[in-house]
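Respectively, the protein sequence lines represent chains X and Y. Numbering follows numbering that gives the first Met the number 0, with no gaps: position 214 of the first sequence is 213. Numbering follows numbering that gives the first Met the number 0, with no gaps: position 62 of the second sequence is 61.
Source of the hints: derived by calculation from the structure; they are not laboratory data. Treat the hints loosely; a few may be bogus.
[As the list claims (entries may be wrong)] Distance condition first, Cα-Cα at most 25 angstroms in a straight line; then the derived SDA-like pairs of lysine to any residue: (1) Y:K103 with X:S372; (2) X:K159 with X:N69; (3) X:K67 with X:F81; (4) Y:K77 with X:S556.
One letter stands for each residue in the lines below.
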Amino acid sequence: MHFDPFIIPFNIGLYFILLYVVTRSVIWFRDLSRPDKLRLQRGFFGIAFGLSIKEIFMESLIHRKILKTNLRLGFMHMSLAFGWFLLIFFGTVEADIFGTKHLNAPYKAIFFRFFNPDHGRMGFEAAYGFLMDLILAFILSGLLLAVIKRFYSRIVGMRKTTRLKVTDRIALTSLWLIFPSRLLAESFTCGAYGTGSFLTGTLGHWLASFLPAQQMAYPFWWLYSISLGTFFVLLPVTRYMHIPTELFLIFMRNSGIRTGDKSGTYTEVQTYSCSSCGICIDTCQMNYSAGITNMQSAYLMKAIRNNGDVAALAENCLMCGRCDAKCPVGIELSPIRMIRRRAQEAENGIRNIYKGYFRSRQIIIPEKPGLSSNYDFLQEPEPEKADVLFFAGCMTHLTPSIKKSMIKILDASGLNYKFIDEQGGVCCGRPLMLAGQDKEARELINYNSQMIWKTGAHTLVTSCPICYKVFKESYYLDVEVLHHTQFIKMLIDDSSVKLNFIRKKVAYHSPCELGRGSGVFEDPKVVLSHISKLEKTNFEDENSLCCGGSLANIKLSSQNKNRIALDAVNELTRDNPDILATACPLCKKTFARVTGTRVADISELVAEALNTKVINKNCIRQLISVTEPANN
Amino acid sequence: MSKFGFSISQCRQIDYESNSRRIAEYIFENEPSFRLCIECGGCSATCTTGNLTDFSLRELNILIKRGENDKVRRNLNKCMLCGKCSLVCPRGVNTRNIIVMAKKAFQISD
Chain X
0 MHFDPFIIPF NIGLYFILLY VVTRSVIWFR DLSRPDKLRL QRGFFGIAFG
50 LSIKEIFMES LIHRKILKTN LRLGFMHMSL AFGWFLLIFF GTVEADIFGT
100 KHLNAPYKAI FFRFFNPDHG RMGFEAAYGF LMDLILAFIL SGLLLAVIKR
150 FYSRIVGMRK TTRLKVTDRI ALTSLWLIFP SRLLAESFTC GAYGTGSFLT
200 GTLGHWLASF LPAQQMAYPF WWLYSISLGT FFVLLPVTRY MHIPTELFLI
250 FMRNSGIRTG DKSGTYTEVQ TYSCSSCGIC IDTCQMNYSA GITNMQSAYL
300 MKAIRNNGDV AALAENCLMC GRCDAKCPVG IELSPIRMIR RRAQEAENGI
350 RNIYKGYFRS RQIIIPEKPG LSSNYDFLQE PEPEKADVLF FAGCMTHLTP
400 SIKKSMIKIL DASGLNYKFI DEQGGVCCGR PLMLAGQDKE ARELINYNSQ
450 MIWKTGAHTL VTSCPICYKV FKESYYLDVE VLHHTQFIKM LIDDSSVKLN
500 FIRKKVAYHS PCELGRGSGV FEDPKVVLSH ISKLEKTNFE DENSLCCGGS
550 LANIKLSSQN KNRIALDAVN ELTRDNPDIL ATACPLCKKT FARVTGTRVA
600 DISELVAEAL NTKVINKNCI RQLISVTEPA NN
Chain Y
0 MSKFGFSISQ CRQIDYESNS RRIAEYIFEN EPSFRLCIEC GGCSATCTTG
50 NLTDFSLREL NILIKRGEND KVRRNLNKCM LCGKCSLVCP RGVNTRNIIV
100 MAKKAFQISD
């Protein structure tokens with residue numbers, strides 16, 4: 000037997016999806032920018048190719064990152080992906096070894112039992128049959144978890160699972176049907192012929208005892224083929240598109256392509272690589288504390304894929320970057336969100352008749368150059384010359400204790416410094432950028448750049464991580480930008496200042512913009528452990544929490560901000576530290592509102608520890624010698 | 000009169016007939032905390048822009064609510080969205096969203 004009509008749905012699906020993936024990748028490649036094309040070509044003949052193969056195996060099949068964060072969820076994904084891969088791989092080998100000829104059409108491997116029902120009675124054949132049954136059992140165990148997860152997500156340790164659209168549901172159902180129908184089809188065939196291993200053999204034997212196995216098998220082979228075919232045809236319009244797309248993503252990333260600040264092929268590949276696994280939903284503090292469950296990154300990706308209301312989703316986010324750090328696929332979620340924010344009003348989605356299939360990406364019309372300046376009231380800056388500049392930033396002006404402490408530290412350092420926004424300067428431009436208003440932000444950036452340039456300084460110290468990030472990334476300055484924690488660490492390293500030890504337990508909260516945003520994790524902790532007893536919290540480095548006060552979210556109400564702050568502060572002060580230290584005036588202000596624990600910026604603690612009165616030993620001896628005669 | 004340090008003041012009559020409350024309605028709908036404002040002026044006192052030029056969020060709030068949109072339109076873009084106002088607000092008004100929503104409302108009505 001070499002052919003049966005039931006294989007037609009499967010073949011249609013398979014060849015459709017192969018053709019589709021090839022066409023799509025050609026379109027994607029064509030739309031890449033020229034440097035990216037070169038990167039890709041170089042990657043193809045370089046080490047990136049090997050790295051990608053390894054990463055595809057570890058991440059797309061084994062799902063190592065999900066296994067690390069959540070064992071049960073990881074097992075569910077692994078059993079379906081890796082199990083299915085093994086089933087196809089060993090199935091093809093089986094058809095090749097035991098089939099009538101070598102190099103068979105794909106359907107021969109998938110429906111091997113149907114065409115070779117008498118196979119697997121003894122010896123090596125039986126052992127191979129055992130292996131195939133084992134793989135099928137492995138997949139079915141994961142499938143069972145997946146089905147339970149849909150209705151009761153806590154079973155795999157997830158608080159929330161992703162909501163699905165209609166096509167996703169149909170595809171999900173057909174995916175769920177694939178493996179049970181294969182099990183039943185194989186079991187009936189095995190039951191009829193008395194073959195099969197521990198799973199299909201036993202089940203088949205039992206079913207054949209009271210059912211006409213020979214007749215029952217055929218419909219299930221049809222069901223198996225139809226569910227496979229349906230799944231393949233629906234793949235491009237559902238979240239399951241991540242299966243082929245992720246391979247491209249891994250290869251592109253290893254070739255050195257990054258998101259950048261414009262929408263393009265790489266952004267689109269990333270959007271399609273999102274599997275809606277829901278890990279971003281669980282890590283999101285807006286979900287955990289404020290109960291907002293419709294704006295997480297998985298939904299943003301879904302909305303971009305489906306031409307949904309992207310603007311509202313993109314705006315409602317703290318941009319803390321927790322989901323970025325946790326995403327098992329490694330999608331650069333925050334940059335994509337920023338692109339969407341910038342595109343808000345200029346966006347113009349093109350819908351064509353092929354709907355989800357060949358929709359070209361949303362074309363973003365660049366904003367028209369503004370007619371007049373918004374900030375023409377700003378005077379030409381005329382600052383004094385200095386070596387080191389201190390830029391406090393808006394938020395530090397609201398927390399005078401940090402400002403005073405920084406002045407004290409700078410005075411003690413003995414550097415020739417200048418406090419450039421002592422009289423209240425101009426905003427750094429980051430809040431406007433986060434709101435997607437790049438043109439306005441650029442005006443402020445130009446103003447500040449001019450001012451910094453005119454002072455002729457070589458170092459710029461800022462005490463606000465929001466300013467730090469924008470100075471570092473979006474200003475074109477030839478000065479060294481330092482956050483005050485880095486600056487203080489430098490002072491400690493070359494012992495310019497002497498610090499006392501504060502006998503207090505301190506927990507450190509890493510601000511989003513400084514930690515995950517700019518990668519400054521260690522310096523603040525070094526400073527803190529130098530002057531106090533620094534204790535570990537459950538939320539260190541990449542996993543640190545957001546205070547909730549983030550300027551990135553314009554929509555969030557103050558009540559919800561307080562809820563997020565309260566939950567975060569409760570987690571951070573679990574071990575009852577004396578002081579909750581942070582490195583951001585905004586975090587300090589947000590936390591101080593909701594907790595009784597003392598919240599202090601690192602600069603305040605350093606200023607407290609500052610040893611200003613250096614007691615001269617000779618001086619003490621003199622005092623003693625003076626008091627002694629008095630006793631006599 | 001001006002020689003004595005006085006001048007004839009402008010007419011300060013508010014003509015609700017000719018004013019349009021569309022901008023205010025739009026903001027009320029999209030940012031309900033706008034209603035919580037008690038016009039205490041905390042926002043204006045701390046404002047980064049207000050420190051440098053004639054700009055007051057309190058004034059804008061009052062003008063939007065009265066429907067005197069011309070002056071609002073002229074001043075709205077001066078805001079730098081730095082967010083100090085929302086931190087000092089005793090009523091928890093989401094001030095930055097008011098600015099963004101007002102800009103949007105003007106765009107829609109144009």
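Hint check, failures only:
none
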